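Chains as they are written, first to last, in the numbering used here: chain Y, 1 to 648; chain P, 1 to 182.
FYI, nobody ran anything at the bench for these hints, they're computed from the structure. This one's a predicted model, so the numbers in the text were calculated from it and none came from an experiment. Backbone N, C-alpha and C fix where the C-beta goes; we use that ideal spot for every residue, glycine too. A portion of the hints provided could be inaccurate.
[Claimed, not checked] Lysine to aspartate or glutamate pairs mimicking EDC-like chemistry, simulated, CA-CA at most 16 Å apart:
1. LYS178(P) - GLU155(P)
2. LYS404(Y) - GLU64(P)
3. LYS122(P) - GLU356(Y)
4. LYS400(Y) - ASP117(P)
5. LYS453(Y) - GLU121(P)
6. LYS101(P) - ASP79(P)
7. LYS609(Y) - ASP633(Y)
8. LYS161(P) - ASP355(Y)
9. LYS620(Y) - GLU163(P)
10. LYS404(Y) - ASP117(P)
11. LYS404(Y) - GLU155(P)
12. LYS404(Y) - ASP137(P)
13. LYS122(P) - ASP355(Y)
14. LYS55(P) - ASP624(Y)
15. LYS404(Y) - ASP65(P)
[To be verified] Which stretches of chain Y does chain P cover? Using the computed rule of at least three CB atoms under 8 Å from a CB of chain P, they are:
16. 159 to 172
17. 574 to 588
18. 616 to 625
[To be verified] Over 12 Å on every C-beta distance to chain Y, these chain P residues come out as not near it, computed from the model:
19. ASP42
20. ARG78
21. TRP81
22. PRO98
23. LEU103
24. HIS111
25. GLY113
26. ASP142
27. SER147
28. GLU155
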Amino acid sequence: MIKRVLAWVDERTGLGRFAEAFLFQNLPGGSRWRYVWGTLVLYVFALQAVTGFFLWTAYSPSTQTAWESVQFIQNEMTGGWLLRGLHHFGAQAFVVVLVLHLLQMVIYGVYRAPREVNFWLVLLLLPLAIAMSATGWLLPYDQHGFWASRVPIGIMGVTPVLGPWLQKIAMGGSSVGHHTLTHFLALHAGLLPLGVALLLGTHYYLNRRHGFADVPKDCGCPDEKYFPAQFFKDAAACLAVLVVLLGFVLAPLWNNPAAAPGVMLGAPADPSEQYSAARPEWFMLFLFQFLKYFPGGTEVWGAMVIPGFVMTVIALMPFVAKWKHGHRFNLLFLGTLTVGALTLTRLAMVEDSTDETYLAAKAKDRSSSERMRQLVGERGIPPSGGATLLRDDPFTQGPKLFAKNCASCHRFDGHDGTGHRPLNTYAVRAGDTWSTVAEFRFLKSEQLHELNKGMNGRELKTGDQITVYARPWAPDLKGFASREWLAGLLDPARVDGPHYFGGTKFKDGKMVKWVKKNATSENADGLKKVIAALSAEAKLKSQASADKADAELIKQGRALLTGELACTDCHSFGKKDPDATGPDLTGYGSRAWLVRFISNPNHADFYGKRNDRMPAFADKQILDAKSIGLLADWLRGDWYEPPKPARK
Amino acid sequence: MQAEPVPGADRREFLKKSCVASCLGLAALGTPAVVGTRVFLDPLTRSKTAETFVKVTTLATLPEDGTPVQFPVLADRRDAWTKFTQVPIGAVFLQRLPADKLLALSVVCPHAGCFVDYDEEKQGFLCPCHNSLFTKDGGLKDEQSPSPRPLDTLEVELRNKSEVWVRFQDFQLGIKEKQPVA
Numbered sequence: 001m002i003k004r005v006l007a008w009v010d011e012r013t014g015l016g017r018f019a020e021a022f023l024f025q026n027l028p029g030g031s032r033w034r035y036v037w038g039t040l041v042l043y044v045f046a047l048q049a050v051t052g053f054f055l056w057t058a059y060s061p062s063t064q065t066a067w068e069s070v071q072f073i074q075n076e077m078t079g080g081w082l083l084r085g086l087h088h089f090g091a092q093a094f095v096v097v098l099v100l101h102l103l104q105m106v107i108y109g110v111y112r113a114p115r116e117v118n119f120w121l122v123l124l125l126l127p128l129a130i131a132m133s134a135t136g137w138l139l140p141y142d143q144h145g146f147w148a149s150r151v152p153i154g155i156m157g158v159t160p161v162l163g164p165w166l167q168k169i170a171m172g173g174s175s176v177g178h179h180t181l182t183h184f185l186a187l188h189a190g191l192l193p194l195g196v197a198l199l200l201g202t203h204y205y206l207n208r209r210h211g212f213a214d215v216p217k218d219c220g221c222p223d224e225k226y227f228p229a230q231f232f233k234d235a236a237a238c239l240a241v242l243v244v245l246l247g248f249v250l251a252p253l254w255n256n257p258a259a260a261p262g263v264m265l266g267a268p269a270d271p272s273e274q275y276s277a278a279r280p281e282w283f284m285l286f287l288f289q290f291l292k293y294f295p296g297g298t299e300v301w302g303a304m305v306i307p308g309f310v311m312t313v314i315a316l317m318p319f320v321a322k323w324k325h326g327h328r329f330n331l332l333f334l335g336t337l338t339v340g341a342l343t344l345t346r347l348a349m350v351e352d353s354t355d356e357t358y359l360a361a362k363a364k365d366r367s368s369s370e371r372m373r374q375l376v377g378e379r380g381i382p383p384s385g386g387a388t389l390l391r392d393d394p395f396t397q398g399p400k401l402f403a404k405n406c407a408s409c410h411r412f413d414g415h416d417g418t419g420h421r422p423l424n425t426y427a428v429r430a431g432d433t434w435s436t437v438a439e440f441r442f443l444k445s446e447q448l449h450e451l452n453k454g455m456n457g458r459e460l461k462t463g464d465q466i467t468v469y470a471r472p473w474a475p476d477l478k479g480f481a482s483r484e485w486l487a488g489l490l491d492p493a494r495v496d497g498p499h500y501f502g503g504t505k506f507k508d509g510k511m512v513k514w515v516k517k518n519a520t521s522e523n524a525d526g527l528k529k530v531i532a533a534l535s536a537e538a539k540l541k542s543q544a545s546a547d548k549a550d551a552e553l554i555k556q557g558r559a560l561l562t563g564e565l566a567c568t569d570c571h572s573f574g575k576k577d578p579d580a581t582g583p584d585l586t587g588y589g590s591r592a593w594l595v596r597f598i599s600n601p602n603h604a605d606f607y608g609k610r611n612d613r614m615p616a617f618a619d620k621q622i623l624d625a626k627s628i629g630l631l632a633d634w635l636r637g638d639w640y641e642p643p644k645p646a647r648k
Numbered sequence: 001m002q003a004e005p006v007p008g009a010d011r012r013e014f015l016k017k018s019c020v021a022s023c024l025g026l027a028a029l030g031t032p033a034v035v036g037t038r039v040f041l042d043p044l045t046r047s048k049t050a051e052t053f054v055k056v057t058t059l060a061t062l063p064e065d066g067t068p069v070q071f072p073v074l075a076d077r078r079d080a081w082t083k084f085t086q087v088p089i090g091a092v093f094l095q096r097l098p099a100d101k102l103l104a105l106s107v108v109c110p111h112a113g114c115f116v117d118y119d120e121e122k123q124g125f126l127c128p129c130h131n132s133l134f135t136k137d138g139g140l141k142d143e144q145s146p147s148p149r150p151l152d153t154l155e156v157e158l159r160n161k162s163e164v165w166v167r168f169q170d171f172q173l174g175i176k177e178k179q180p181v182a
C-alpha cells in the first residue's frame with residue numbers, strides 16, 4: 001500500500017527519483033570530513049532562518065518598541081533568551097564557517113575548473129553575510145547597536161557620488177529612526193536571506209553536479225554513496241556546531257547561575273546619551289583597526305578601494321592557479337591576509353583593553369542594562385518607550401546632573417558623583433610652593449607630586465603649569481542631612497574642613513564659631529538628640545526605621561533646638577522667624593526643602609543675601625523642575641531599589 | 001508549412017512576437033516593482049524640517065574658565081509617523097570665549113559619527129572610535145587623525161542676555177568640506 005502511494009507520487013512529481021539520486025549519489029574516493037563545510041554553511045543558515053523567524057514573530061520595528069519587544073523576548077517569554085542567544089552566536093558562526101569553507105576550497109585546490117563558479121558563489125556570500133550581521137545589530141536598538149551602526153552608515157556616505165543618497169535610503173531619512181528599523185528588518189529578514197538562499201542553493205547544486213572534489217586515481221579509497229557515509233559525517237559536524245553554539249549561550253550561566261541568562265541586552269538607544277564603546281562585531285575588528293591608519297579624507301581607500309582590490313584578487317584565484325606557481329601564490333596571499341587580519345584584530349583588542357574611556361563605557365552600559373531590568377520589573381515600560389525609564393531615574397541621572405552642575409564646588413564622597421575627582425590646570429604664581437598649593441586645595445604635597453610625576457618633585461617656578469585636584473568650594477553632600485553628615489557638621493574639628501564650610505565664605509562665620517564654642521563634650525548628649533531631631537526632618541529613606549525607633553530622642557531634640565541649644569536664635573524652626581539669618585530648619589533636607597533650596601538659595605528662608613556663590617538653579621533657568629527633582633531625590637538616596645533577597 | 005516561405009518572414013515574425021511577449025511580461029512585473037521602488041525612495045524626496053534655533057541652556061551654566069560642557073539639544077522632531085515633542089536630537093559642546101563670546105561645537109566626530117569626549121588632561125577632544133584628536137577650539141590637533149576636518153561649529157546666539165540658543169545641524173561625515181545633511 002505505502003509502496004503504491006510512493007510510486008504514485010514519484011510518477012506524478014519525480015520526487016522519488018530525485019531523492020534517490022540525491023541521497024545515493026556516488027562519491028568517487030569515498031566520504032571525507034572536509035566535505036562537510038558546504039553542508040555546515042547550509043546548516044548554520046537554516047539555524048539562523050529558523051531562530052530568526054521565531055524572533056521575528058515577536059519583534060516590533062519602531063524606535064519605541066524595538067528594544068522593548070526584544071527585552072520582552074529576552075526576559076519574559078519562556079526560552080526567549082535561549083532563542084536570541086542561539087541567533088546571536090549563530091550569526092557569528094555563519095561568517096566563521098563561511099570563511100573556513102573558503103579557505104579550505106583554496107587550500108585543497110577545489111576552486112580549479114570546473115568549480116570556479118562554485119568558488120565565486122562562496123566569495124559572494126561573504127559580503128552578504130556581513131551585511132546580514134550589520135543590519136541585525138541595529139534591530140535590538142540598544143545603545144551598542146545604535147552607536148555601532150552609525151559607523152557603517154557613516155562610511156556608506158563616503159562612497160563616491162552616491163554616498164549621501166545611499167545613506168539616506170538606508171536610514172529611510174536624514175537620521176536613524178523608525179524607517180531605519182523597518183528598512184533594516186526588511187533587508188535582514190527579507191532581501192538578504194533570499195539572496196543568501198539563492199547563492200547557497202546554487203552552490204550546493206553545483207557542488208553535487210561537479211562532485212565534491214577530484215580524487216587522485218591511486219588513492220586506494222573505494223567509492224561510497226552519499227548516504228549514509230557522508231551524510232553521517234555532515235550530520236555529526238552540524239551537531240558539533242550546535243553544541244558549540246549552545247556552549248556559548250550557556251557557559252555564562254554555568255559560571256554564574258544567578259545572572260540573567262542569555263546574551264546581554266544593553267540599555268535602550270538614546271541619541272543624546274554618549275556611548276564610547278561602539279565597536280563592530282569581533283570578526284570586523286580588523287577593518288575597524290585598519291581604518292585608524294587612514295588620515296582624514298582617505299578612508300575611502302581603507303574602507304572600499306583596498307578591500308575591493310583584495311576581493312578581486314581572491315576572485316581571480318581560479319585563473320591564477322593555472323600558472324606554474326599560481327596555487328602557491330594564492331596560498332601565500334591568503335596566508336598573509338589571514339595573519340594580517342589576525343594581527344589587526346589583536347591590536348584592536350589590546351588597545352581597547354587598556355582604554356579607560358572604552359572600559360568605562362562598557363561598565364556603564366552593563367550597569368544601565370542591569371538598572372533597566374530592575375526598572376522594567378518595577379514600573380513596566382510606558383508607551384513612550386524604555387529610554388524614558390532611565391531618563392526619569394534619579395539613580396541614573398543624579399550623578400550626571402551632579403557632576404555637571406554641582407561638582408565645580410561640591411563633592412560627593414570626595415568625587416564628582418560619577419567617581420571622578422575633578423582636575424584643574426594651575427599656573428604657578430610667585431611664592432607658591434608644593435605645600436601652599438596643596439594646602440589651599442586641602443591636599444597633601446605627596447598627592448600633588450603623584451599627579452605631576454613628570455616634574456620629579458622639583459621646586460615650582462612661576463609660570464609652571466601643574467595638574468591639581470580642583471578645590472572644593474562647598475560642602476561634600478554624600479549623605480546630606482543624615483545623622484552622620486550632621487554629626488560632622490557639628491564637630492568642631494570638621495565644621496571648617498573641606499567636607500563642610502572649609503571652602504566657603506562661611507569658614508569663619510557664625511555657625512562655625514558656634515560649633516567651635518558649643519559643640520563640646522559636655523553637650524554631647526544634647527547634640528546627639530538635636531542631630532536625631534534635625535535629621536528626622538529630612539525623612540530619609542535610609543533612616544526610616546531609626547527615625548521611628550528613636551521617637552522619644554527626637555522629641556527631646558526638638559525641644560533642645562528651640563530651647564537650651566538655641567538654634568532658633570539664628571534659624572527658623574517650626575514657625576517662621578523674620579529675623580532668622582541662617583537657613584530654615586523646618587523640614588530640613590526633606591525633598592520639598594531641598595528642591596526649594598536648589599531652586600533659589602538666595603531666598604530669605606535660606607541664605608538670603610548672605611548666600612555664597614551657589615546659583616539659583618530654577619530662577620536662573622539653569623535646570624528645569626524635573627532635573628532639580630532628580631537631583632534632590634538622588635542626594636536623598638531616594639530611588640527604586642529591587643528587594644534584597646531577589647538577587648545577590 | 002507547405003507554403004513558399006518568404007525569406008526571413010519566420011524570423012521577423014518570431015522577433016515581433018517575442019518582443020511583444022517580453023514587453024507584456026515586463027509591464028506586468030515592472031509596474032508593481034516601480035510603484036514599490038517609488039515608495040521606497042520616498043526619503044530622497046522628502047525635505048527635512050527646517051533647523052531653527054533652539055534654546056539649549058543659560059549662560060550661567062558655562063564655566064568662566066572656558067571649559068567645554070556638553071548639553072543635549074532638545075527639540076520637536078518628526079520621525080516618520082511619530083511626532084516627538086522636546087526630545088534629544090543631538091548634543092553640543094558649549095564654551096565661553098573671551099569677551100562673552102560663545103563657541104558651539106557639534107559633538108559628532110566628522111569621521112564616522114561617534115561622539116567625541118572632552119579630555120581635561122589633553123585639553124582637547126578625543127574620539128573614542130578611531131582616535132581622532134581635536135584641540136579645545138575644535139581644530140585638528142594631529143594631521144594623521146582619521147577625521148577629514150575639524151569639529152563642526154554650530155551657529156550660536158545669546159538671547160535676552162542669558163539664554164544660549166543653538167542652530168543644531170547634522171553634517172555629512174567623512175568629507176573635507178562641512179556640508180549640512182540635506
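Here's how the hints hold up against the structure:
Between LYS178(P) and GLU155(P) the CA atoms are separated by roughly 13 Å; this keeps the pair inside 16 Å, and the hint holds. Our distance criterion of 16 Å between C-alpha atoms is met by LYS404(Y) and GLU64(P), whose separation comes to about 14 Å. A C-alpha spacing of about 14 Å is found between LYS122(P) and GLU356(Y), which places the hinted pair at or below 16 Å, so the restraint holds. The suggested pairing of LYS400(Y) with ASP117(P) holds, with an alpha-carbon distance near 15 Å, which does not exceed 16 Å.
Distance hint between LYS453(Y) and GLU121(P) is fulfilled; the C-alpha atoms sit about 14 Å from each other, no more than 16 Å. A C-alpha spacing of about 34 Å is found between LYS101(P) and ASP79(P), which places the hinted pair above 16 Å, so the restraint is violated. A C-alpha spacing of about 27 Å is found between LYS609(Y) and ASP633(Y), which places the hinted pair above 16 Å, so the restraint is violated. Proposed proximity of LYS161(P) and ASP355(Y) is contradicted: the alpha carbons are some 41 Å apart, above 16 Å.
Using a Cα cut-off of 16 Å, the hinted pair LYS620(Y) and GLU163(P) holds, with the two alpha carbons roughly 10 Å apart. With a CA separation close to 14 Å, the supplied pair LYS404(Y) and ASP117(P) stays within the 16 Å bound. Between LYS404(Y) and GLU155(P) the alpha-carbon distance is near 23 Å, which puts this suggested pair outside the 16 Å criterion. Only pairs whose Cα atoms come within 16 Å are accepted, and LYS404(Y) paired with ASP137(P) is rejected, the gap being roughly 20 Å.
Between LYS122(P) and ASP355(Y) the CA atoms are separated by roughly 15 Å; this keeps the pair inside 16 Å, and the hint holds. Restraint check for LYS55(P) and ASP624(Y): satisfied, since their Cα atoms lie roughly 13 Å apart, inside the 16 Å limit. A threshold of 16 Å between alpha carbons decides the hint, and for LYS404(Y) with ASP65(P) the separation of about 15 Å falls inside it, so the pair holds. Under a criterion of three residues with beta carbons nearer than 8 Å to beta carbons of chain P, the stated coverage of the segment 159 to 172 of chain Y is upheld, 7 such residues being counted.
A stretch counts as covered by a chain when three or more of its residues have a beta carbon under 8 Å from one of that chain; for the segment 574 to 588 of chain Y and chain P the count is 0, and the coverage is violated. Note: the segment 616 to 625 of chain Y has 3 residues with beta-carbon separation from chain P under 8 Å; the three-residue rule is met and the coverage holds. Non-interface status of ASP42(P) relative to chain Y is broken: a Cβ of that chain comes within 12 Å, the nearest being about 8 Å off. The beta carbon of ARG78(P) is not kept farther than 12 Å from every beta carbon of chain Y, the shortest such distance being approximately 9 Å.
The claim that TRP81(P) lies off the interface is violated: its Cβ sits roughly 7 Å from the closest Cβ of chain Y, which falls inside the 12 Å cut-off. With a closest Cβ-Cβ approach of about 16 Å to chain Y, PRO98(P) is found to remain outside the 12 Å limit, as its non-interface label requires. For LEU103(P), the condition that its CB be more than 12 Å from all CB atoms of chain Y holds, with the nearest at approximately 18 Å. The claim that HIS111(P) is not at the interface with chain Y is violated, since a C-beta of that chain comes within 12 Å of its own (minimum 7 Å).
Against the 12 Å criterion, GLY113(P) falls within the reach of chain Y, whose nearest CB is about 4 Å from its own CB. The claim that ASP142(P) is not at the interface with chain Y is violated, since a C-beta of that chain comes within 12 Å of its own (minimum 9 Å). The claim that SER147(P) lies off the interface is violated: its Cβ sits roughly 5 Å from the closest Cβ of chain Y, which falls inside the 12 Å cut-off. No beta-carbon of chain Y comes within 12 Å of the beta-carbon of GLU155(P); the shortest separation is about 18 Å.
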